[in-house]
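Just so you know, the sequences run in chain order A, B and C. In case it helps, numbering that gives the first Met the number 0 puts the first sequence at residues 0 to 92. In case it helps, numbering that gives the first Met the number 0 puts the second sequence at residues 0 to 197. In case it helps, numbering that gives the first Met the number 0 puts the third sequence at residues 0 to 648.
Hints are all accurate, no fakes.
Short derived list, chain A residues pointing at chain B, Cβ under 8 Å: (1) His26; (2) Ile76; (3) Thr80.
For the record, the hints were derived by calculation from the structure and aren't laboratory data. All values reported here derive from a predicted model rather than from experimental measurement. We treat Cβ as the ideally placed atom computed from N, Cα and C, and that holds for glycine.
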Amino acid sequence: MKELFPAKQVMGFVFSLILTAVALLVHFTDMSFSFGMTILLITAFVQAFLQLVVFMHAGESKDGKSIYTTIFYGAIIAIVTVFGSLLILLWDM
Amino acid sequence: MKIDHSQPLEYSTDQNQLNILGFWIFLGAEIMLFATLFTAYFTLEGRTGTGPTPAEIFEITPVLIETLVLLTSSFTIGLGVHAMRLGRKNAMITFFTTTLLLGLVFLGVEIYEFMHYYHVGATYQTSAFTAALLTTLGTHGAHVTLGLFWGTFIILQVKKRGLTPETANKSFIFSLYWHFLDVVWIFIFSFIYLKGMM
Amino acid sequence: MDFLQRFAIPHPSPAIYASMVAIALVSIAIVAGLTYYKKWGYLWTEWLTTVDHKKIGIMYLISALLMLFRGGADAIMMRAQLATPEAKLLDAQHYNEIFTTHGVVMIIFMAMPFIFAFMNLIVPLQIGARDVAFPRLNALSFWLFFAGAMLFNISFVVGGSPDAGWTSYFPLAGNDFSTSVGTNYYMLAIQISGIGSLMTGINMCTTILKMRAPGMTLMKMPMFTWSAFIANVIIIFAFPVLTVALIMGTTDRLFGTNFFTTGNGGMDMLWANFFWVWGHPEVYILILPAFGLYSEIISTFSGRNLYGYKSMVASMVLISLLSFLVWTHHFFTMGQGALTNSIFSVTTMAIAVPTGVKIFNWLFTLWKGKIRFTVPMLYSIGFIPLFTIGGVTGVMLAMSAADYQYHNTMFLVAHFHNAIIPGVVFAMLAGLTYYWPKFFGFMLNEKIGKSTFWLLSIGFILAFFPMYITGLDGQARRMYTYSESTGFGALNMVSFVGAALMAIGFVTIVWNVYYSFKHSSRDIGSDPWDARSLEWATHTPVPVYNFAKVPQIRSSEAFWDAKKHGHQLFTGKQEEIHMPNNSGVPFIMGMIFFVCGFSFVFALWIPAVVSLIGIFVCMGLRSFEKDHGYHISVKEVEETEKLLGGASK
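Let the sequences and hints guide you as you build the complete structure.
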């Protein structure tokens, strides 16, 4: 039975629960908007990275480099699109 | 078909490796799909017209249940892949089935959530905000629904054909899909719900 | 009757009725011809069900050429209408429909399939692979493109064409101002073919990353494959944006949502934003493979290695990133602040740098080369100065303050045609002439080819350079007429003459194909141009398995070095070859997508839902299918090789 629950994945799960709990602080305590957003940004991206490495085994095969490049390239363009659009349509309109 | 036994079953043929890399690239495209939805949501979030604002309609309880259920399902499917690599077919099927059941619970709660929005007057046509919200959540929900069918098909195939390079490959790719949906949900949870209720 | 009423054309004219009759007659003729010559079986087994990248490439090619003529017909009608002031050839509504369909057809249904044709035909051969990574998905991509193209093209005889411009800006494209189903066609046809493009992107990237012949590292890939790779990377990250924007546009039109409306919080500018987040990278999706073709052609006919291989690659990688950072320059006048416009001005000008690097690399490749002025080379040499002018006017447009003067004028129209025609269209025609012998077994006639080039080049200059002047003088784009007092008449007449010359040029291509088919020699060997990269190392016509033995690569010009330095490309014993099975499912899925799209256009919910279920059933069946392909035995391979001209070199 024990071999079915490897320590790495159990730890990963516990850590993701902790991250969720930290993110929830934003809702249940009183803090400024920018501080709350900082917490959310950190917890969300750490959580995503955790899934990528621990659960999705992104780097395990010899295509690991291609896979990480794809995901990071996608993430960069995604961030540029989100913030660029917000700049155009909201912040500098 | 040449099978390389030094690799885990899901990587053991050339075609399997192609499938896995191809699916990762597809996930790259999915990142942009959801990024576009988020862009629309953030832009339209404050444009509620005559309809309700985010803070007026969001409820923390169903969101929390959805988050915990989906996080757990991501964990169980990870264990499923681990069991598969140990060659434990029955354990793997159990973990995959658990995952799909959790997915079903998630979907049930999401349907409840949508009904709630409908009752408080936040329908698809109400405002730009509600349209963006429901499209973003709906796209994620549609992915989960598709995943439920797909996962069921894969469990049936593993049951019938055993753990072959083909079925192992499909199962692994399905696990990537499921984890990815979990990641998307984390962003929805953080930047739609928690930000909206802040 | 009420039911049928919705399929009627809202704004008919004799020309449209004539087209209806023509379409009906051509369809009947095709069906009758296929039946008479008993070709249905051949069509089904050899083409409709094929997963062979070469045949799919040829189908893309034929579709692209057909669409070139459709879009060209639109163009000549527009130029004819504008040739004289206050002409009555077309009214405002028809003119709107025509410039809309011209844009969409040329970009989505002509240029895209043209580059996909070359990617399909060339990339697996250049990297020494037997097919693409997912042959069946490749077939599905084609049939989705085909379904989208057909859906878009029936719009003008069933229900009415889209008329809100190829950019379909809201609120003009919304229900209030575009009341016919035309814009529904736009949304759904582009959606369907866009999904196909995205799948091609994934397929090609995987192929190039994983299926290169042994020894071919990334920095030894031929330049066309590099350009195809970068273009496909851009496709993967750009097309999902279009998918989402089109879904939102569709729901706005069909389900009354408020994404891009002007009420209840909707934001019409969001559409423009999304459209160009996709639209600008799309420009580079088209131009990069064109650059790749020019690189192949220029180095072959200069008899030299491509100058600055590494800087070529670096500039393309840089372009792929920068192409996502410039989209605002399409709407500098939308009202965002000076900060935003300045940022995007700078990024836009920055993208001229890597492009300039490429121009100089081509020039240095030509330098001291033994240049052979073949038809493909003529296009490439014509491309360099003409495209540079297009680039320079692009930098003029990139200055956001000055853009207020150029915006929405003929100056802009002249600029992007100046970039796209010498950039993409010339490249496609050069590639067509260059690769024609590889896939059809005979050369296109050089003499006719050269006259085509001169007709197109002179026609192009006459047609578009006057627009720079009228544009600066204030002639607006998308206006169906102008008054005599504007003084635009003479220059517009020159444009019309140019457009007519181009039309003649395009007809000579058809004549060339016919003439060469009749008269060209079939005895051309496998390397008629004395070329440099791997696609010329196999037989002509290319056998189904591409290469009998997997080539061993040592340099980026593998075939040239094999010819000149005696490298052995094909070593080892013949082994049996594994190939994918044909399948009719992609074709059937394409047709279901067509029905689905059509049903959504007209809001016919029952067939829409049924066909959606049909699509998912096809996907489900695929999940359960056991498809292991088939093997070609050593004996069969050896026999084929013997038939095609001795042992493979």
